[in-house]
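Spelled out, the chains give:
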Amino acid sequence: MMFIRGVGMTKFGIQDVPSGQMIYESALEALGDCGISMNEIDAIVVSNNDIISNGERQRHSASMLSSLFQKKIPIVAVTSGCSGGGTALWTAIRLQKSGNYNNILVIGFEKMVSNLSSKVTDEMLMGAERLYEQSEGMNFPAANALVAQQYMSIYDATSDDLALVAYKNHQNGYLNPKARFYKKKISIDEIKKSPVVASPLRLFDCSIPANGAAALILSKEKSDIEVIGSAEETDYLAPFEREDMISWDASKKAAAEAYKQAGIYPDDIDVAELHDAFTSVELISYEDLGFCKKGEAKELIRKGITNLNGKLPVNTSGGLKAKGHPISATGISQIYELVKQMRNEAGERQVSNIKYAMAQNIGGAGSNVTVHILKKC
Amino acid sequence: MYKSNIVMAWRKTNRGNYIIGSKCKECHALFFPSRTRCTKCESNKLEDYIFNGNGKIFAHSTVFYPPAGLEKQVPYTVAIIKLDEGPKMTAQVVEFDDLKVGMKVQSCVRELYSDGKSGIIHYGIKFRPSD
Chain A
1 MMFIRGVGMT KFGIQDVPSG QMIYESALEA LGDCGISMNE IDAIVVSNND IISNGERQRH
61 SASMLSSLFQ KKIPIVAVTS GCSGGGTALW TAIRLQKSGN YNNILVIGFE KMVSNLSSKV
121 TDEMLMGAER LYEQSEGMNF PAANALVAQQ YMSIYDATSD DLALVAYKNH QNGYLNPKAR
181 FYKKKISIDE IKKSPVVASP LRLFDCSIPA NGAAALILSK EKSDIEVIGS AEETDYLAPF
241 EREDMISWDA SKKAAAEAYK QAGIYPDDID VAELHDAFTS VELISYEDLG FCKKGEAKEL
301 IRKGITNLNG KLPVNTSGGL KAKGHPISAT GISQIYELVK QMRNEAGERQ VSNIKYAMAQ
361 NIGGAGSNVT VHILKKC
Chain B
1 MYKSNIVMAW RKTNRGNYII GSKCKECHAL FFPSRTRCTK CESNKLEDYI FNGNGKIFAH
61 STVFYPPAGL EKQVPYTVAI IKLDEGPKMT AQVVEFDDLK VGMKVQSCVR ELYSDGKSGI
121 IHYGIKFRPS D
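Heads up: the protein sequence lines correspond to chains A and B, in order. Just so it is clear: in the first sequence, position 29 is 29 by our numbering, and no numbers are missing. Just so it is clear: in the second sequence, position 12 is 12 by our numbering, and no numbers are missing.
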């Protein structure tokens, strides 16, 4: 199977530095983490969203990395909206299975917070249905609000349940030096009183954009972290096209496949990084990934089962909510967090006794999902 | 189809029903948006199908922070409508007092947005209560 040898990431925040600098910083940390040099990297998979409003406008991220690292090796770019990082890892794993590469550097990066938020919003909307949804006034919060509205009315989940998800992730992010909300206290009251963006979702139900890069080194060589499950599934772009909006097929299928490869069950997962682009997505994901039955996600959050000291801590990094969501970097940063947790290097937010860890990365409103399962060797 | 030219669709449908999708001539499956190939039976014999414009609210949300271009309409309500014939679509809902899931609605042509004072007015489908 495959092993993760090293991980690295920049702080997710508002630092206004060129993407190249963030890529370099995260890659150097990953190389240093496993004590190898750039010369030992024989392929790179990179993910980025070609954000045109950040002043860089570089569509050829593969060649950009070649210049940056002064490396003439196979470099492949994959773009998949918010699931770009997970999809880059998924792709790298298949590339490695071909047998031609020993160490593959996988990088996700995004520079978002250097422009007007209306422009950033429009950039993000390029990852959703434009012709039949956005012209009607839909944006990402609204698309997820429609899903949340239906979910909450059918399963009696409340705005308070959503607030608990935000509160939990902000408490975790408070402890994570790489999180955008590090050491920033957010009270449950602030969350509940924040303005409505698209009912029933409030500002604090939404994740926050950030600049950042994250990197990992995937290797054939045995390390302490093995990738034992890797799956990717895709669903229709717009929620209205789907039979069932409140259970995401791509998530369910990717999870089922990853569990099958790993030979384990949802109960075996000790810690998870889930794609909380909106607090409602974290709740729905508890169900889609098999952590509870359909409609019971609210019990998990109410009972504190997914809290840092709960039975299944979720988003110990702070998640997209409090760590920040630099689109293509997010999926790799999830792996970064899991590896730190599995190695007992997570500082104040460390959870104990981890054998199996899961990362779920979503693009669009459930349009594209990757699930990876890691095992501590 | 109507998307690219709502005015044409409005004329084509005799100025009444203007949601145009497709119907498979082989298996009679209905589609919105239009398709040129049936994804149920793989037939490529499809024809325009004009939906009657009646449906029910499937899910709804009121938007306070809009995408660019719709700032003046805030707050407005978007919904997923389940058309009586089966397919679903996303559209705004207007002229209602209290919106509920399952409420009956019918389509109407409304301005979506305009390109400034002297620019083009973009029309589209919205829904309003039908009872």
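What the hints contain is simulated information worked out from the structure, not anything from laboratory work. Quantities reported herein were computed from a predicted structural model and do not represent experimental measurements. Certain hints may be false.
What the hints assert, rightly or not - Under 10 Å between C-beta atoms, here's a sample of chain B residues computed to sit facing chain A: (1) Ala29; (2) Cys41; (3) Asn44; (4) Val63; (5) Gly124; (6) Pro129.
Each residue gets a CB set at the ideal place from its N, CA and C atoms; glycine is no exception.
Hints violated by the structure (listed by number, smallest first): 1, 2, 3 and 6
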